[in-house]
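**Q** Listed below are the residues making up each chain.
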Amino acid sequence: MKYVDEFRDGELARVLAGRLARAVEPGRRYNFMEFCGGHTHAISRYGVTDLLPKSVNMVHGPGCPVCVLPIGRIDNAIALALERGVTLCTYADTMRVPASGRTSLLKAKAAGADVRMVYSAADALRIARENPAQEVVFLAIGFETTTPPTAIVILEAERQGLENFFVFCNHVLTPAAISNILESPQVRDIGTVPLDGFVGPAHVSCVIGSAPYEYFAEEYAKPVVIAGFEPLDVMQAVLMLVRQVNEGRHEVENEFSRAVTRDGNARAKALVAEVFELRRSFEWRGLGEVPYSALRIKSRYGRFDAERRYDIVYRSVADNKACECGAILRGAKTPKDCKLFGTVCTPENPIGSCMVSSEGACAAWYSYGRFRDEEAAA
Amino acid sequence: MSGAVKQDYVRPIDFRNGRVDMSHGSGGRAMAQLIDELFLAAFDNDWLRPLNDQACFAVPAGRMVLATDSHVVSPLFFPGGDIGCLAVHGTVNDVAMAGARPLYLSATFILEEGFPLADLKRIVESMAAASREARVPIVTGDTKVVEKGKGDGVFITTTGVGVVPEGVEVSGDRARPGDRVLVSGTLGDHGVAIMSFRENLEFETTIRSDTAALHGLVAAMVEAVPEVRCLRDPTRGGLAATLNEFARASGVGFRIREKDLPVKPAVHAACEFLGLDPLNVANEGKLVAICAPEDASRLLVAMREHPLGRDAAIIGEALEDPHRFVQMETALGGARMVDWLSAEQLPRIC
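In order, the protein sequences belong to chains A and B. Taken in order, the first sequence gives residues 1293 to 1670; the numbers are from the numbering used here. Taken in order, the second sequence gives residues 8 to 357; the numbers are from the numbering used here.
I should point out that these hints are in silico values taken from the structure, not numbers from a laboratory. For each residue, glycine too, the CB sits at the ideal point set by N, CA and C. Incorrect hints may appear among the rest.
Quick look at which bits of chain B chain A covers, simulated, 3 or more residues with Cβ under 8 Å [unchecked claim]:
no., segment
1, 217-228
2, 273-282
3, 338-349
Chain B residues, not near chain A, derived (Cβ > 12 Å throughout) [said to hold, decoys possible]:
no., residue
4, Trp54
5, Pro123
6, Val153
Pair ranges (Cβ atoms, derived) [claimed, not checked]:
no., chain 1, residue 1, chain 2, residue 2, range
7, B, Gly121, A, Arg1572, 48 to 58 Å
8, B, Asp60, A, Lys1294, 28 to 38 Å
9, A, Ala1414, B, Ser81, 18 to 28 Å
10, B, Arg183, A, Ala1610, 23 to 33 Å
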């Protein structure tokens, strides 16, 4: 397929693998975090690690929108659907995220709640328009990539004068999460998570541009290379990171120049600024409360805000005690370090959120990589 | 009332504007009329014609095969087929995957009150055409009607019987390390065709469902290689599910090569933007075969000579692996697992 196969080409991969092998300095370890679940997925699905030098270690980051959604917010959504009788629309993976008391939106649906899987925010708006007597809530999740479409449907709902459409906003911000990881004791003081650089987000960066990462590169002295989600993008970005580390540089470089500019998508950013404002703090699964890390709907559009409409009260809920999702999302542990992984926690019966989405570190390892555990043991 | 005395006149069913109502499943005259004018007219054969509650037929010598399959696909009509021909192909294929020659089918219809008779007629005629083309007659059946809201138009269950030729022993637990894995053609066509027609997912594609009866291809294969070990049509869950089933049943692992998998560019493209893996997408006219290494090229030639096996390919091998993992060498040059599909990728595709 044109414009896709070129970025998965085996010949080019061998060339890049050769360059990488020559670029790494003997005796040196390179630990890079790929922030996005999209990269985690690409690395696992295409077997990218087989083509990287042994001294390069990829650490999975928290950039999986479904994974970082805290249990309490899912509980809120389930209550809306079950107790308030709304039609709750959301993206597919969200439906399987485990909530309190072994529930999930999927189980709420089986219990009679009207929960609909949609492919886009526009589908939720259409459902509201076609069912004027029914209150429809769009459970909005995701990073900067999915925020502009949510802004558009809110503006569109206003233009169409819809009175039965609401958004339960859970949009979160990438730069805040990266700061949080870099500020964490494991990275800063203890050094249990050695990080030599970041593979920067692909689609998020299309929207926000490369400029927001300049601060991290400078402040924390860590190189950032923004990379596309194709396997050759990842390999090229790793090569660029290796070179920066070798040369003692810590700059923002853009491997994904076919889509990302320094300033990003001005129109999308303007839409987001029009509809949303910063929250003082927001809980992330794995990272805990992170200041100024999420968005809420501005009061100007408050009549579309499900939190106001239904007086939603957020209660923080602790993860299963044995679940290591938190540490895995911070890069402090790998799926193999979790006792639940592959035993009671599987994609069919996820305990933690990292096992739900295909972008989650545990699901990716379970579905694509776990045969390596056996190879290592043998 | 004048209608009461004109007993000999039966107003023909209005197949243009009429709808299924509760009387069509009541066991009364309306049901008998529907059977006469629709099912018997379409499926007509010597076994069905006496309208018994069962079909009687002679049994050839050898081992018999029995298979059943329910069809609940949505939408009912899709590019390349409909629930009718799918219901015939699905069960014919299930019988054939034992290496068997399918002989007879039964068909059960669960109809929802209010379902347009025109659609029902179209479906039944499509079933009849598929059954004639496959030369596997529908010899008995049943019809039930459920109240509006208690079904979704029409559900069809078909059951098939067949006979296995002497010397053929096909079963999913017979794969051995070193055996070769073959597929009969391009993967994922059916699933993508269905998805392209789904409400809220509609997209334009030239892909049509591959729904087809594979017993002719199977007959050619077992004639060329009677020792073929495993056959299965990779329907729901796709090739990934089938190979994992074989791995579990046979106690082996598999390693396949991504570059050797036949996938149409349009299917690849649709999977790309829907975030799906063609390995997990359903097929309705393809099969996976496992055979000993020395038989592989002979089997491949036999498959490619058949119109339904033109794009057949050898895609990998069975390995010794106590973990029974299915692995794939990626086109990039790495390796990964090919696991079962975890969640429902898309409900009601067949």
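**Q** Indicate, hint by hint, whether the structure satisfies it.
**A** Hint-by-hint comparison with the structure:
With a threshold of 8 Å between beta carbons, the proposed coverage of the segment 217-228 of chain B by chain A is violated, since 0 of its residues qualify and at least three are required. Here the segment 273-282 of chain B counts 4 residues with a CB under 8 Å from a CB of chain A, which clears the bar of 3, and the coverage holds. Counting residues of the segment 338-349 of chain B whose beta-carbon sits less than 8 Å from any beta-carbon of chain A gives 9, enough to reach three: the coverage restraint holds. Interface exclusion of B:Trp54 from chain A stands, the closest Cβ pair being 42 Å apart, more than 12 Å.
Under the 12 Å C-beta cut-off, the non-interface status given to B:Pro123 relative to chain A holds; the minimum distance is some 22 Å. The non-interface label for B:Val153 is consistent with chain A: the shortest C-beta to C-beta separation is roughly 20 Å, beyond 12 Å. For B:Gly121 paired with A:Arg1572, a C-beta distance near 54 Å keeps the hint of 48 to 58 Å intact. A hinted range of 28 to 38 Å is violated for the C-beta pair B:Asp60 and A:Lys1294, which are about 58 Å apart.
Checked against the hint of 18 to 28 Å, the pair A:Ala1414 and B:Ser81 passes, with Cβ atoms roughly 22 Å apart. For the pair B:Arg183 and A:Ala1610, the supplied restraint of 23 to 33 Å is violated, since their beta-carbon distance comes to about 50 Å.
The structure does not agree with the numbered hints 1, 8, 10 stated previously, though it agrees with the rest.
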